Structure formats: C-alpha cells, structure tokens
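Q: Kindly generate the complete structure, drawing on both the sequences and the hints.
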Amino acid sequence: MKDKRYKAVKSLILANEIARFADIFEVLPVSVMAKDTGINYSTLHRKIYNPKQLNLNDFDLMGKAMEIDYLELVKLAHKAMTKGK
Numbered sequence: 001m002k003d004k005r006y007k008a009v010k011s012l013i014l015a016n017e018i019a020r021f022a023d024i025f026e027v028l029p030v031s032v033m034a035k036d037t038g039i040n041y042s043t044l045h046r047k048i049y050n051p052k053q054l055n056l057n058d059f060d061l062m063g064k065a066m067e068i069d070y071l072e073l074v075k076l077a078h079k080a081m082t083k084g085k
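The sequence shown lines up with residues 1 to 85 when you count with the working numbering.
These are computed hints drawn from the structure, not numbers from a lab.
Please read all numbers here as calculations on a predicted model, not as lab measurements.
Mixed in with the good hints, there may be bad ones.
As the list claims (entries may be wrong) - Using 30 angstroms as the maximum straight-line C-alpha spacing, the simulated BS3-like pairs for lysine-lysine come out as follows:
id: 1; residue 1: 75; residue 2: 52
id: 2; residue 1: 79; residue 2: 4
id: 3; residue 1: 10; residue 2: 64
id: 4; residue 1: 79; residue 2: 64
id: 5; residue 1: 75; residue 2: 2
id: 6; residue 1: 10; residue 2: 35
id: 7; residue 1: 7; residue 2: 64
id: 8; residue 1: 7; residue 2: 79
id: 9; residue 1: 64; residue 2: 2
id: 10; residue 1: 35; residue 2: 79
id: 11; residue 1: 35; residue 2: 64
id: 12; residue 1: 35; residue 2: 2
id: 13; residue 1: 10; residue 2: 79
id: 14; residue 1: 52; residue 2: 7
id: 15; residue 1: 47; residue 2: 4
id: 16; residue 1: 75; residue 2: 64
id: 17; residue 1: 52; residue 2: 2
id: 18; residue 1: 7; residue 2: 75
id: 19; residue 1: 47; residue 2: 2
id: 20; residue 1: 10; residue 2: 52
id: 21; residue 1: 79; residue 2: 52
id: 22; residue 1: 35; residue 2: 4
id: 23; residue 1: 2; residue 2: 79
id: 24; residue 1: 47; residue 2: 75
id: 25; residue 1: 4; residue 2: 52
id: 26; residue 1: 64; residue 2: 52
id: 27; residue 1: 35; residue 2: 52
id: 28; residue 1: 47; residue 2: 7
id: 29; residue 1: 10; residue 2: 47
A: Right, here's the structure in full:
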C-alpha cells in the first residue's frame, strides 16, 4: 500500500503550495521516498539539500513514486538552485 502522504505532496505541488524542493520532505519523510525509489537514504538526503546533485533518473523515480510529472520536481529544484543568484 502506498503511503498516503504522496497524495498530499502531489496536491501541494500542483497547487504551487511547495516553494522549495526540500519542503516536499517536511510532509513526506526522506526514508519513505528512499525506500520506494531504491535510492540510498544518505545519498537522497544529501541530494535533497543540494539539488544540483540530482540527476534525471532521480527525478523520474521520485516523480513515479508521487505519480507526478518529474518536470514539476525539476522546476522546484531549479528554483532552489537559482534562488541565491
């Protein structure tokens, strides 16, 4: 059975209520995403707070887990990367 928090995160993303990529993981624990995507917990945790390290496969796996287009996740990560510039 899929974690119910995925649906909440998907709704928040589509409603533009999530401002930063890392905010996803205030609702959905990193451990749940790591388990469901097969990405090592430590690796995923590091990449969440440094989105430049995420690759398209990571976005694709997370998008499939959330049942959302991975490009929505790319947009959030891009905002995080360009915010300080």
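Q: So, against the hints stated earlier in the document, which numbers end up violated here?
A: none
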